[in-house]
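Novice: Assemble the complex: chain A is given as a structure, and chain B must be docked to it using the hints.
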Amino acid sequence: MKRINQDLNQKVRSYVDNLFAGIGESQQLYELKEELSINLKEKIIDYKKAGMNEEEAFKEAVSSLGDLSGLIEDMRQIGQDQTRKSVYSSMTARVSTAGLITGTLVGLFGLLTMAMLYFMGLPLEAVTGPAIFIVVGGAIVAYSLLTRETNKKYAMTKVRAMLYGLSVGLILFSLFTAFTSGFATGEIFIGISSFMVFFLAGFGLLLGLLFTGTDRKKER
Amino acid sequence: MASNISTDLIRGHTDTIILNVLQQGDSYGYQIYKTIIALSGNQYELKEATLYTAFRRLEKEGYIASYWGDETQGGRRKYYRITETGVERYRKNKQDWHFAKNVLNQLIEGGIQNEENKPGS
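Top line first, the protein sequences correspond to chains A and B. Numbering of the first sequence is given in UniProt numbering, commencing with residue 1 and proceeding in unit increments. Numbering of the second sequence is given in UniProt numbering, commencing with residue 1 and proceeding in unit increments.
Chain A extracted, bound-state conformation (with noise of 0.2 Å):
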């Protein structure tokens, strides 16, 4: 039944895919295209269960959909306004912006304590310290970067960004520490070490995301 059910779902998803084939992407096409598949799929199901086989039903509940060509002009109008508006207005956009400001200031901040200890002749595992900030600034920044929608790419989801984001900060991480406590006991071995495990973790991780990733570029 499970299987059925899995089926059905795709003929449907595949038919409303292909009324709109070669639309633009909005919001509001994804969900007529959400909200027709659902409708076609209950009224697939109520055809069966007044005794249709499942091709009858499919082909029944389809042509009685009526003349679709004007939803179709509308949504190709949305698609191409879409692409040509400044993307830059959605709340994702503002606060990819926020992030990336707060990121480089962040970094920033850190990259100039640091020199401030350094000229104030500190030992160099305490001039390493505030790197600590350019850590989690690049983090941000890399988070910020992925989740802002160009004209040329979508943005990427909130949770594979976040990865991103965990993957950069590992890096750098990795390097802090790499730093710190090569300074501090003044052994080179003992940075590697140190280095290595963060490292590792870091660029596994970006790996994984750079071998799964998806084209985010956008149709023209």
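It cannot be assumed that every hint is accurate.
[What the hints assert, rightly or not] For lysine to aspartate or glutamate, the following EDC-like pairs were computed, each having C-alpha atoms within a straight-line distance of at most 20 Å: (1) Lys47(B) with Glu34(A); (2) Lys60(B) with Glu31(A); (3) Lys33(A) with Glu59(B); (4) Lys34(B) with Asp46(A); (5) Lys78(B) with Asp74(A); (6) Lys47(B) with Glu42(A); (7) Lys34(B) with Glu60(A); (8) Lys60(B) with Asp74(A); (9) Lys47(B) with Asp74(A); (10) Lys78(B) with Glu34(A); (11) Lys78(B) with Glu42(A); (12) Lys78(B) with Asp17(A); (13) Lys34(B) with Asp67(A); (14) Lys47(B) with Glu73(A); (15) Lys34(B) with Glu42(A); (16) Lys33(A) with Glu71(B).
[Claimed, not checked] Covered by chain A, per the in silico footprint, the following chain B stretches (three or more residues, Cβ under 8 Å): (17) 24 to 38; (18) 51 to 65; (19) 76 to 83.
[What the hints assert, rightly or not] Derived CB-CB ranges, DEER-like: (20) Met52(A) with Gly12(B): 27 to 35 Å; (21) Ala50(A) with Gly25(B): 22 to 30 Å; (22) Lys101(B) with Lys59(A): 35 to 43 Å; (23) Ala100(B) with Glu60(A): 31 to 39 Å; (24) Trp97(B) with Glu73(A): 25 to 33 Å; (25) Glu25(A) with Gln95(B): 40 to 48 Å; (26) Lys59(A) with Asp96(B): 34 to 42 Å; (27) Gly208(A) with Arg11(B): 50 to 58 Å.
Hints in this document: simulated from the structure, not taken from any laboratory. All C-beta atoms in this analysis are idealised placements derived from N, C-alpha and C, irrespective of residue type, glycine included.
Specialist: Just chain B now, kept in the frame of chain A:
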């Protein structure tokens, strides 16, 4: 289902028909579709394509609002509810309909009784 019923005449009232369904409770696309068939006594089918177009128009004009249901099995339903202005609109349309119905009835079926209006008298 009788197809010879004058659908054009009815189609002009699509918005009011939908508002009537929704003022009796929130509903979603396919259910509204079925309700309209049932209300007509199986004599009239408002095509889904027409329905969706009307939903979009009504929502844009602020007469209805939509929200997503929380079903998970095979997708979510998009529910519609009527707004305050929608209820207002429905009342107005109903009044207009009563007026038009009476006038049309007189115009189409009424006999001329007043002698003075006959030509040549």
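Novice: The structure should be examined with respect to each hint, and the outcome stated for every one.
Specialist: Evaluation of the provided hints:
1. A distance of roughly 18 Å separates the Cα atoms of Lys47(B) and Glu34(A); the hinted pair therefore holds under the 20 Å criterion.
2. With a CA separation close to 15 Å, the supplied pair Lys60(B) and Glu31(A) stays within the 20 Å bound.
3. The hinted pair formed by Lys33(A) and Glu59(B) meets the criterion: a straight-line CA distance of about 17 Å does not exceed 20 Å.
4. As the CA atoms of Lys34(B) and Asp46(A) are separated by approximately 11 Å, the hinted pair is consistent with the 20 Å bound.
5. For the given pair, Lys78(B) sits about 19 Å from Asp74(A) by alpha-carbon distance, which is consistent with the 20 Å threshold.
6. Taking the CA atoms of Lys47(B) and Glu42(A), the gap is about 15 Å. The hint holds against a cut of 20 Å.
7. Straight-line distance between C-alpha atoms of Lys34(B) and Glu60(A) comes to about 15 Å, which keeps the hinted pair within the 20 Å bound.
8. For the proposed pair Lys60(B) and Asp74(A), the alpha carbon gap of about 13 Å is at most 20 Å, so the pair holds.
9. As the CA atoms of Lys47(B) and Asp74(A) are separated by approximately 17 Å, the hinted pair is consistent with the 20 Å bound.
10. The suggested pairing of Lys78(B) with Glu34(A) holds, with an alpha-carbon distance near 8 Å, which does not exceed 20 Å.
11. Between Lys78(B) and Glu42(A) the alpha-carbon distance is near 13 Å, which keeps this suggested pair within the 20 Å criterion.
12. Under the criterion of a C-alpha separation no larger than 20 Å, the hint pairing Lys78(B) with Asp17(A) is consistent with the structure, at around 18 Å.
13. Only pairs whose Cα atoms come within 20 Å are accepted, and Lys34(B) paired with Asp67(A) is accepted, the gap being roughly 18 Å.
14. Only pairs whose Cα atoms come within 20 Å are accepted, and Lys47(B) paired with Glu73(A) is accepted, the gap being roughly 17 Å.
15. Note on Lys34(B) and Glu42(A): the hinted pairing holds, with a Cα-Cα distance of about 11 Å set against a maximum of 20 Å.
16. Between the alpha carbons of Lys33(A) and Glu71(B) the distance comes to roughly 16 Å, so the proposed pair stays at or under 20 Å and holds.
17. Here's how the region 24 to 38 of chain B fares: 4 of its residues keep a CB closer than 8 Å to some CB of chain A, so the rule of at least three is met and the hint holds.
18. Coverage of a stretch by a chain is defined here by at least three residues with a beta carbon nearer than 8 Å to that chain's beta carbons; for the region 51 to 65 of chain B and chain A the count is 3, and the condition holds.
19. For the region 76 to 83 of chain B, the proposed coverage by chain A is satisfied: 3 residues have a C-beta within less than 8 Å of a C-beta in that chain, meeting the threshold of three.
20. In this structure, Met52(A) and Gly12(B) meet the distance hint of 27 to 35 Å, their C-beta atoms being roughly 33 Å apart.
21. Between Ala50(A) and Gly25(B) the beta carbons are some 25 Å apart, a value that agrees with the proposed interval 22 to 30 Å.
22. Distance hint for Lys101(B) and Lys59(A): a CB-CB separation of about 39 Å, consistent with the stated range 35 to 43 Å.
23. In this structure the supplied range 31 to 39 Å holds for Ala100(B) paired with Glu60(A), their Cβ-Cβ distance being about 36 Å.
24. For Trp97(B) and Glu73(A), the Cβ-Cβ distance of about 30 Å falls inside the hinted range of 25 to 33 Å, so the restraint holds.
25. The hinted window of 40 to 48 Å between Glu25(A) and Gln95(B) holds, with their beta carbons roughly 43 Å apart.
26. Lys59(A) and Asp96(B) have their C-beta atoms about 40 Å apart, which keeps the hinted 34 to 42 Å range intact.
27. Checking the proposed 50 to 58 Å range against Gly208(A) and Arg11(B) shows it holds: the Cβ atoms sit about 56 Å from each other.
Checked against the numbered hints given earlier, this structure breaks none of them.
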